[in-house]
Every structure is written in C-alpha cells, then in structure tokens.
Amino acid sequence: TSAYSSPAKSLGDPGITPLSPSHIVKDSDADDAVEQLFLVVVAIDFGTTSSGYAYSFTKEPECIHVMRRWEGGDPGVSNQKTPTTILLTPERKFHSFGYAARDYYHDLDPTESKHWLYFEKFKMKLHTTGNLTMETDLTAANGKKVKALEIFAYALQFFKEQALKELSDQGGSDFENTEVRWVITVPAIWKQPAKQFMRQAAYKAGMASPENPEQLIIALEPEAASIYCRKLRLHQMIDLSSRAPVNGYSPSDTIGTGFTQGKEHVRRNRQSRTFMVENVIGEIWSELEEGDRYIVVDSGGGTVDMTVHQIRLPEGHLKELYKATGGPYGSLGVDYEFEKLLCKIFGEDFIEQFKIKRPAAWVDLMIAFESRKRAAAPDRTNPLNITLPFSFIDYYKKFRGHSVEHALRKSNVDFVKWSSQGMLRMSPDAMNALFKPTIDQIVQHLSEVFDKPEVTNVKFLFLVGGFAESPLLQQAVQSAFGSRCRVIIPQDVGLTILKGAVLFGLDPAVIKVRRSPLTYGVGVLNRFVEGKHPPEKLLIKDGTRWCTDVFDKFISADQSVALGETVTRSYTPAKPSQLVIVINIYSSEQDSVSFITEPGVKKCGTLRLDLTGADASVPSRREIKTLMQFGDTEIKAMAVDVATSKSVKVGIDFLNY
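Heads up: the sequence shown is residues 1 to 657, going by our numbering.
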C-alpha cells in the first residue's frame, strides 16, 4: 500500500463523509479579533548573504529607522547590513554574529579554528532541502553538523537582542519584547515548510509564542518591496528606461553615473539612519490606474523571486495576479562561478583541501572577490585585481610543488593573469562571464513570466534586492524588457525590502488577495459508485459500500484567495456511533487531485474532535463543520461539532508529518 494508508481501513481512525455541497463563505467576524497594541514594529531582513533590521514606532509610522551602523565592514562594500555569518564555540554555544563572527573566526589560530563552528550563507539550505524538518542539519565550515533550527534561532535571538537594546538606549528605559511586533521576511518562492520553519525558529528565539502568534508576521520579500515601491518619490529612484530623464540626468548618461549621483544623495543622508516615508502615494504610483499591473523582481544573494501585482483602488490595495516564481539565481551564483574558475586554474582537489585546511583564508579570498564583484560594470575596460591571501599562495606551493604563477601560466584560462603584486588580474570580460549564467537564468525566467496570459500589460518592473545594485543585471533586464515596461530601481535598493517590511508590519491588511501556492483538501469517504470509483478503493463497513481515500478539495493551487477568506465544508461521521472524529488535511502542488494516495499529496494537518458528552437529542446525522482560513502567509484550519459547539483548531504543519 502507499505511504498514506486509507483513513478508514486503519483501525481507530474513523472516517467522515461530506454532508452538503461545498460553498465558500466570506468571514466577516474574523476581523473582530482583539487587535493587540504594539509600541513598535521591528522588521528583520534575514538575507542569504547579509541581514539587517529596521523599525518604526506605531505613533510615528512615517519614520523608518534603519539599525545602527555595524562595527567592522569591508572595503568597497557599503554596510547598512551585516553579513549573515554566525560563530559557535567548540562547545556549540553562540559566540557572535556578522562581522564580529567573521573577524573573530579569522583571527583564530588554525589549530584552534578547526574546532569552532562557523556558518555562512546558510539560509539557502531552507530553499534547497526538499524535506525540511525540525531535525534538518547545517554543516559548519569545519564539516561539523548542527541542527538548522538552532542556528536560525541563535541568529534571530541575536537580532532580537540588538534591536531591543537599541530601542532601550533610545528610549532611556528598558524595552520589553511584548511591546514589539516582529516581522521576518522570507522569499515568496519558499515552500510552506520553510516559512513555518522560520516561525518555529522565531518562537525558539523568544520573539513570539504559539500562544501569541500574532506578535510575529512572516512577510514575503517581494510583497514588502512592493509596498515600499508604492511610496517612492521620483527623486528616490532611477528610471532605466530612456523615456524620461530622471533627476535631470539625460538618458545618454550611462546607467552608472545616475547611480553614483543617486548614491551621493543617499550617502549625505546616511548619517541619519531615519528614512521619512511620506504618507502619500508616490508620483510613479499615481500614474497607475485601477487594474494596472507591475512586477517586482527581488534579486538577493540566494534567490530571485518575482511577483506580479495589480492595483485595486481606491485604497490602492494590492492583488497578487500571478503566483510567485523564481529560483536560486541570486548573486551566490556568481561566487559559485568564481569558485569553478579557481578549480579550473588550481585544480578541484586543491580548492577542496584548501577550504577544509584553511577555512579562514578561504573566507578572506571570497571577501576580496565580493568587493571586486561589486565593481563589475558593462562598460568597464580596466582589469579587476583580486588579492590572493598569502596562505593560499603558500599552501598551493606545498600542495603542488610549484608556484601559483606557474599554475596560471599553465592553465589555459587566458583572460586571468598573474600580477606581480600577488593578485589575480581578471579582464572585465572574464568577470562578466562569471555573471552570465546567473543573469541569463534571471532573464530567461522573467521572459517566461512575461509570456503568461495573466502578465500582459505590465506597466513597471521594479528591480529590488541586493543583487539589483549590479549594473550588469540592471543592463540585462533593461535591454531585455525595457521595450515592454519601465524598469525602475529604488535608491538604496538593498534596503527596499527592509523598509517595506516595516510598513507591512504597521498595516498587514494592505495585501488583499494572494494566490494559493498549493491545493488543499481533506481525506473523506464517499458512497461507492460502480464504474466511477476504482474497485481497489472499495470498503464495506456495516453493510455500506464506501470509496476510501477521496481528496475533498478546499482550494486549488493558484486560485485567488482574499485575505481572511474562509472555505467551509460540512461532514458527518461515516458511522453514527463514532465517539471521535479525525480529519486529515492534505496538500498537493497539482491542481486536480482525486485521491489522497496520489503521488505528491502530503499530509499537513490533523483535526481530532471528541464527540462524547453530547446528550441523546443529538440528530442522527451529526454535522461537523470544517473551516480553512487562507490568504495570510500562514493557513489555519478548524472543526466544529455543530450539535455541541465543541471545536478544535490547528495551524497547517509541514514540518512534522
């Protein structure tokens, strides 16, 4: 039999059967829930390569404060955020995060450092793990494994403490966690388990609790970006399309100069980490009419996701038109190409060994590459130099018996040379070649999205996220899609999501309609119909012929769901004498699902309802109402025994089944 045994055949797992035709009810009393009052909203942008937080007091929502400047920082990289790196002691206790973790790890003696656990870019694991659970492991730089949940909880706890400390210092009195509403951003293309995982990690970090889940909102990155883009004023962005000069720069100026002038504008304001968000709709937004569509392309370190939104007036609420899509095409792809290039020149065996034996030097090399990566531009003519750490040169000689210089001469990679100052000298073409596979994938994916029928007449394309700072990506997107829509880049583009997430926390109802990422339903028994139902699903119980394992659908993948929309179904126990009823909830990525035993159908929730304690006046066909509430980034389910008003609730759970 399949992994999902028939609900009715297994003993003590009593079945249910539909009572009434299905119908959708708009739930009006859902909004009557007591709204908790928080003094401040703190949003955490937990990125693959860098992270940060920002906050706003609910009394003055037009001011968004970006976190204090971090100590440390790298040459050539503006650091409003800190690297997403974490260091644990050899005893596996939290030691430090960000620049502090990186620098401390780096300064350890190699004999010691191999016992310390250093993690970087670990967020991608949540995206790439097919069957994520609470037990999933992460591997540190020294090869040791630690539970992913612990690492994420440590990181979130670090941000929680930093933010509370900054708020306390500002207000002069201790700030309590209960006064904060937390918002954590996640990529929209993450599967449900990864979103739930983030929530569990936040509970472990003490930001909120299962008893008080409203204190934490999981926001989708492109949605947050979209909310911020609505507020943009013309001086806060760069319009790549040549229809109009922005800020008085004529389009013939290269993309680059508009950006440097833009950056100057930002840098002058950098001292005050407070951004005013005018409580109006930005100029660009006022050009959008009811029903207009725009696409947000959020390109970060690990993933790129795209969401197509449509405006609904008068309040300017957003409606998601096309299910978020994307993939692992973030700027890490460029690092990966660089690593492949090093393997080609120095040999894969050496690079593997070097990473294990000299992990701190490897981190150094990647930092050096990062700052050069940011200097790549379409019109660059002079070469880019990447300093090789001394221990790289030294270890290579020991390993191979000849010099790095010799290796470069011998390898047939002609556009990477050795310069006498101990640097790899890359021609601009060589650097651009490292970007090409990743950028091609983004453009390819965007083309596919543009070809979808829901995506006709897109007016704007907002390019946001850290990778959007790359002039190479800007140029590629502009030349591919500039004729179809206006390509807009907010200034300070790496902070767009952070600021949008704060706005979302202040007003979570701004996104009104989402697309369901999955099909949801419950397993039921139906009366067996000869010729319609497969014979192997026949079950005879007390003389009644049932068809088992039927998937009763609540909502289909890609169906539009309004915020707070509730779908209700009524069931009755298959056997009147049952004292307990078990409703199993299943999900699938497929649209049409008939049976819960089909491939790809996963169990993601169970409602157990005790039917004892009712008096004799209960009708012979008991009605059990089952409700599922959609549209939030998380989904809730509930079952009610109509006769006794007993009810059970459950959050859909993708990690524990």
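Keep in mind that the hints are not guaranteed to be accurate.
For lysine-lysine, the following BS3-like pairs were computed, each having C-alpha atoms within a straight-line distance of at most 30 Å [claimed, not checked]:
(1) K636 <-> K575
(2) K121 <-> K144
(3) K398 <-> K452
(4) K541 <-> K575
(5) K144 <-> K436
(6) K147 <-> K195
(7) K59 <-> K114
(8) K397 <-> K417
(9) K459 <-> K541
(10) K144 <-> K344
(11) K452 <-> K553
(12) K191 <-> K165
(13) K649 <-> K603
(14) K195 <-> K636
Keep in mind the hints are simulated off the structure, nothing from the lab.
Taking only the CA atoms, is the gap from K397 to K417 under or equal to 30 Å?
holds, 18 Å
Are the Cα atoms of K144 and K344 separated by 30 Å or less?
holds, 27 Å
Restraint check for K636 with K575, where alpha carbons must lie at most 30 Å apart:
holds, 27 Å
Given the hint that K398 pairs with K452, does the C-alpha gap stay at or below 30 Å?
violated, 56 Å
With a cut-off of 30 Å on the C-alpha distance, tell me whether K191 and K165 pass.
violated, 33 Å
Check whether the Cα positions of K195 and K636 lie no farther apart than 30 Å.
Distance of about 14 Å is within 30 Å: holds.
For the pair supplied as a hint, K452 and K553, confirm whether the alpha-carbon distance does not exceed 30 Å.
The given pair, whose Cα atoms are some 25 Å apart, holds under the 30 Å limit.
For the pair supplied as a hint, K121 and K144, is the alpha-carbon distance within the 30 Å limit?
holds, 16 Å
Given the proposed pairing of K147 with K195, does the C-alpha separation stay at or below 30 Å?
Satisfied, since the Cα-Cα distance of roughly 17 Å is no more than 30 Å.
Restraint status (C-alpha distance of K59 to K114 at most 30 Å)
violated, 49 Å
Take the C-alpha atoms of K649 and K603, compute the straight-line distance between them, and say whether it is at most 30 Å.
holds, 16 Å
Given the proposed pairing of K541 with K575, does the C-alpha separation stay at or below 30 Å?
Roughly 9 Å separates the two Cα atoms, so the pair holds.
Hints 3, 5, 7, 9 and 12, counting from the list given before, are not met by this structure.
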